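Undergrad: This is what each chain is made of:
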Amino acid sequence: MSRFVVRRIFSALIVMFAISILTFLLLLANGNQAARLAGRNATAAQVHTIEVKYGFNKPIYVQYVNTMKNIFTGQAYSYTQGVNVLTEVKQGLPATLSLAFGAGFIWLIASIIVGTLAAVRAGRYTDRILTVLAMLGVSFPPFFLGAILIYFLGYQANIFPLGGYVKFTTSPSQWFVHLVLPWITLSVLFIGFYSRVLRSTILDTVNEDFVRTAHAKGLSDRQVLARHTLRNSLIPIISLWGLDMAQVIGGGAILTESVYNLHGVGQFAAQSIANLDVIPILVIVILTAFAVVLLAAIVDIVYAFLDPRIRLT
Amino acid sequence: MATTSAPGTEFSDSLDAGFEDAGELPAGTGPWRLAMRRLRRNKVALFFGALFVLIVVLCLLAPVYAKHVAHIGPNTGNITGTVKVGGKEENIVSFTGIPIGPTWQSRYFFGADGNGRDTAVRLLYGGRNSLEIGAVATVITMVFALFFGVLAGFYRGAWDSVITRALDVVWAYPAVLLGVTLGTVFATGGVGPIHGTFLLVPAIVVGIVYIPYVAKPVRGQVMQLREREFIDAARQQGLSNRQIMFSELLPNLSSTIVVFIPLILANAILLEAGLSFLGAGVQPPAPSWGTMISDGIASIPEAFSNVLVPGIMLVLCVMSINIFGDGLRDALDPRAKVRIAH
Numbered sequence: 602m603s604r605f606v607v608r609r610i611f612s613a614l615i616v617m618f619a620i621s622i623l624t625f626l627l628l629l630a631n632g633n634q635a636a637r638l639a640g641r642n643a644t645a646a647q648v649h650t651i652e653v654k655y656g657f658n659k660p661i662y663v664q665y666v667n668t669m670k671n672i673f674t675g676q677a678y679s680y681t682q683g684v685n686v687l688t689e690v691k692q693g694l695p696a697t698l699s700l701a702f703g704a705g706f707i708w709l710i711a712s713i714i715v716g717t718l719a720a721v722r723a724g725r726y727t728d729r730i731l732t733v734l735a736m737l738g739v740s741f742p743p744f745f746l747g748a749i750l751i752y753f754l755g756y757q758a759n760i761f762p763l764g765g766y767v768k769f770t771t772s773p774s775q776w777f778v779h780l781v782l783p784w785i786t787l788s789v790l791f792i793g794f795y796s797r798v799l800r801s802t803i804l805d806t807v808n809e810d811f812v813r814t815a816h817a818k819g820l821s822d823r824q825v826l827a828r829h830t831l832r833n834s835l836i837p838i839i840s841l842w843g844l845d846m847a848q849v850i851g852g853g854a855i856l857t858e859s860v861y862n863l864h865g866v867g868q869f870a871a872q873s874i875a876n877l878d879v880i881p882i883l884v885i886v887i888l889t890a891f892a893v894v895l896l897a898a899i900v901d902i903v904y905a906f907l908d909p910r911i912r913l914t
Numbered sequence: 022m023a024t025t026s027a028p029g030t031e032f033s034d035s036l037d038a039g040f041e042d043a044g045e046l047p048a049g050t051g052p053w054r055l056a057m058r059r060l061r062r063n064k065v066a067l068f069f070g071a072l073f074v075l076i077v078v079l080c081l082l083a084p085v086y087a088k089h090v091a092h093i094g095p096n097t098g099n100i101t102g103t104v105k106v107g108g109k110e111e112n113i114v115s116f117t118g119i120p121i122g123p124t125w126q127s128r129y130f131f132g133a134d135g136n137g138r139d140t141a142v143r144l145l146y147g148g149r150n151s152l153e154i155g156a157v158a159t160v161i162t163m164v165f166a167l168f169f170g171v172l173a174g175f176y177r178g179a180w181d182s183v184i185t186r187a188l189d190v191v192w193a194y195p196a197v198l199l200g201v202t203l204g205t206v207f208a209t210g211g212v213g214p215i216h217g218t219f220l221l222v223p224a225i226v227v228g229i230v231y232i233p234y235v236a237k238p239v240r241g242q243v244m245q246l247r248e249r250e251f252i253d254a255a256r257q258q259g260l261s262n263r264q265i266m267f268s269e270l271l272p273n274l275s276s277t278i279v280v281f282i283p284l285i286l287a288n289a290i291l292l293e294a295g296l297s298f299l300g301a302g303v304q305p306p307a308p309s310w311g312t313m314i315s316d317g318i319a320s321i322p323e324a325f326s327n328v329l330v331p332g333i334m335l336v337l338c339v340m341s342i343n344i345f346g347d348g349l350r351d352a353l354d355p356r357a358k359v360r361i362a363h
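Respectively, the protein sequence lines represent chains A and B. The first sequence begins at 602 in this note's numbering and counts up one residue at a time. The second sequence begins at 22 in this note's numbering and counts up one residue at a time.
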């Protein structure tokens, strides 16, 4: 077991190292950054000043080490806006966390209900309607759904604000009202996807021996479903949920945040993209990918604790 | 692990066993024909498949529509012009900058955008771009995923650990963020010959993003297949590794490939729209559904139809691919569990 844990953590570290190098090479060591920052009409001397200022004239591995050091000591500054990237990320975090946990709660509960209902009614009309609805959900781009909700419930009906984020400490009720539409928007896609996964997992589990045993010992259908089938079928859903939450917190909800103007981590990334500002993109992408790799490793290790068969592979 | 087995293999196995005692075998029905029969029974899937074909045909006819019906190109602005609606001349873009809404006639059928461009013409041209990008991205994903998946699963060992780690690296990036990063890279510096506002850039970006989602299940399936008897038999016949991969493994992966194509296509079109919305995809003035929605959002609430028209088209297109793909998967292997995680 300890050998598995060590191996899994070691491979996660290798992947994280590769991610940091790849992102760095793609974003910073690619093209002539100094010339781009200096502008079109810059003189050679101006370009040289910028090269020296940001260390573009140093060997590439020195640049890499310095960049990583800056990220992990909180000294990463944007080239074009001069702001401290980690301070900006920290400022965006409350909005992003509120969005992620609210939406995560909604989509987890809703997809369990929808998925179970579809599986229990497999092949009947309820199932078919839920299937088409789930397909509609996974086909809706968040920015389009967001625009529809803002237009009809914001501009037309005037029920919800048009966007923006209000701190929970400022006004809990305003915080809630501003987040309802973003929560729905972000959840819809995941509900569609998770409910399909849960439906097929339940339909697989139903044929397992232990479910037949549960029926044979006289449990009611409802008891078998809740205590045996569902409990087993939820494992893949929960691990998916963990990974998706890591992505959403790390700016993966970039589209939802942008359309609702939430000023979270994702929107900060979106603005940096619009300005072609590479340092914030570098930092956000690296931190998010690290979070995903670490969570995936944790999920694998937890699985291995629960199920000894996994350790062999 | 998300895997599919060859279509109907278990089914035909049991069929053979059942008929052994009967002495003579009836004329066999191939797995593909069985799948086709199952698909034909699924009316919902067929309906949405037909809808998708219709959308593709309409988008391909974009130049015809632009030339003979709307009489205006996709990027031709006409801010100061007028259009006759119900016998009355009306400004295409009003003095306050509000574009005309749907006229429901040949010129400006769906209205105009803020630059006085015909929304219907841009919708069709944009669809062509979105579908082209989606198709090219799908080809890129499938080719590379099969190459890496088969290689890793077949040779195992060192090949496998290197490829799996590399796939893990790509997979760890959230899809939208990776797409955005690559889009920014191509926009700022370019990698080799891939550069700038070239339409292929978003296709390459989207294609790369989805490689691990297909390569990992393919690898898993190849690992199972290579232990089967027919691979041993092929080796006994003296087939080389490359021949085994091409003529033995690849045909057995065909149902997986067929099932993954609509899944990747739908996700590729969605991702392209998202990237274009963020400005890291199709570059203006070229239209795509994503850029059109993005432009339309900027003009809320005055010209909401400019969000609705490309948005509905995008959702219809992606949904029809998804539902048809779902039916296809059910038909090929009702027990398959192929899926794509975001």
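Bear in mind the hints are in silico, worked out from the structure with no lab data behind them. Every value quoted in this text rests on a predicted model; they were computed, and no experiment measured them. Every residue gets a Cβ at the ideal spot worked out from N, C-alpha and C, and that includes glycine. Be careful, since some hints might not be right.
[What the hints assert, rightly or not] So the derived label-pair ranges between C-beta atoms look like this:
(1) B/Arg186 <-> A/Val903: 52 to 62 Å
(2) B/Leu81 <-> A/Thr688: 49 to 59 Å
(3) B/Lys105 <-> A/Gln647: 53 to 63 Å
(4) A/Arg608 <-> B/Phe251: 32 to 42 Å
(5) B/Arg249 <-> A/Leu820: 36 to 46 Å
(6) B/Glu248 <-> A/Tyr904: 17 to 27 Å
(7) B/Trp180 <-> A/Arg608: 11 to 21 Å
(8) A/Ser603 <-> B/Trp180: 23 to 33 Å
(9) B/Asp253 <-> A/Gly675: 27 to 37 Å
(10) B/Val90 <-> A/Gly843: 44 to 54 Å
(11) B/Arg249 <-> A/Gly675: 51 to 61 Å
(12) B/Pro47 <-> A/Ser603: 55 to 65 Å
[Unchecked claim] Derived contacts from chain B toward chain A, CB cut-off under 10 Å, selection only:
(13) Thr117
(14) Ile119
(15) Gly137
(16) Val206
(17) Ala254
(18) Phe325
(19) Leu329
Undergrad: Each hint should be assessed against the structure and marked as holding or not.
TA: Quick rundown of the hints versus the structure:
1. Look at B/Arg186 against A/Val903: about 21 Å separates their beta carbons, and that is not inside 52 to 62 Å.
2. Between B/Leu81 and A/Thr688 the beta carbons are some 50 Å apart, a value that agrees with the proposed interval 49 to 59 Å.
3. One distance hint, 53 to 63 Å for the beta-carbon pair B/Lys105 and A/Gln647, holds here, with the actual separation near 56 Å.
4. Our hint of 32 to 42 Å for A/Arg608 and B/Phe251 holds, since their Cβ atoms are close to 33 Å apart.
5. Look at B/Arg249 against A/Leu820: about 39 Å separates their beta carbons, and that is inside 36 to 46 Å.
6. A hinted range of 17 to 27 Å for the beta carbons of B/Glu248 and A/Tyr904 is consistent with their spacing of about 24 Å.
7. About 18 Å separates the C-beta atoms of B/Trp180 and A/Arg608, a value consistent with the hinted range of 11 to 21 Å.
8. Our hint of 23 to 33 Å for A/Ser603 and B/Trp180 holds, since their Cβ atoms are close to 28 Å apart.
9. Between B/Asp253 and A/Gly675 the CB atoms are about 58 Å apart, so this pair departs from the stated range of 27 to 37 Å.
10. With their beta carbons about 52 Å apart, B/Val90 and A/Gly843 fall inside the hinted range of 44 to 54 Å.
11. The given range of 51 to 61 Å is respected by B/Arg249 and A/Gly675, whose C-beta atoms sit roughly 55 Å from each other.
12. For the hinted restraint 55 to 65 Å between B/Pro47 and A/Ser603, the CB-CB distance of approximately 58 Å keeps it satisfied.
13. For B/Thr117, the shortest C-beta to C-beta distance to chain A is roughly 17 Å, which exceeds 10 Å, and the interface hint is violated.
14. Using the Cβ-Cβ criterion of 10 Å, the hint placing B/Ile119 at the interface with chain A is not satisfied: the shortest such distance is roughly 14 Å.
15. The interface hint given for B/Gly137 is broken, as the beta carbon of that residue sits about 22 Å from the closest beta carbon of chain A, more than 10 Å.
16. The interface hint given for B/Val206 is met, as the beta carbon of that residue sits about 5 Å from the closest beta carbon of chain A, less than 10 Å.
17. At about 27 Å, the closest approach between the beta carbon of B/Ala254 and any beta carbon in chain A exceeds 10 Å, and the interface hint on this residue is violated.
18. The interface hint given for B/Phe325 is met, as the beta carbon of that residue sits about 5 Å from the closest beta carbon of chain A, less than 10 Å.
19. Because the closest C-beta pair between B/Leu329 and chain A is about 8 Å apart, less than 10 Å, the hint holds.
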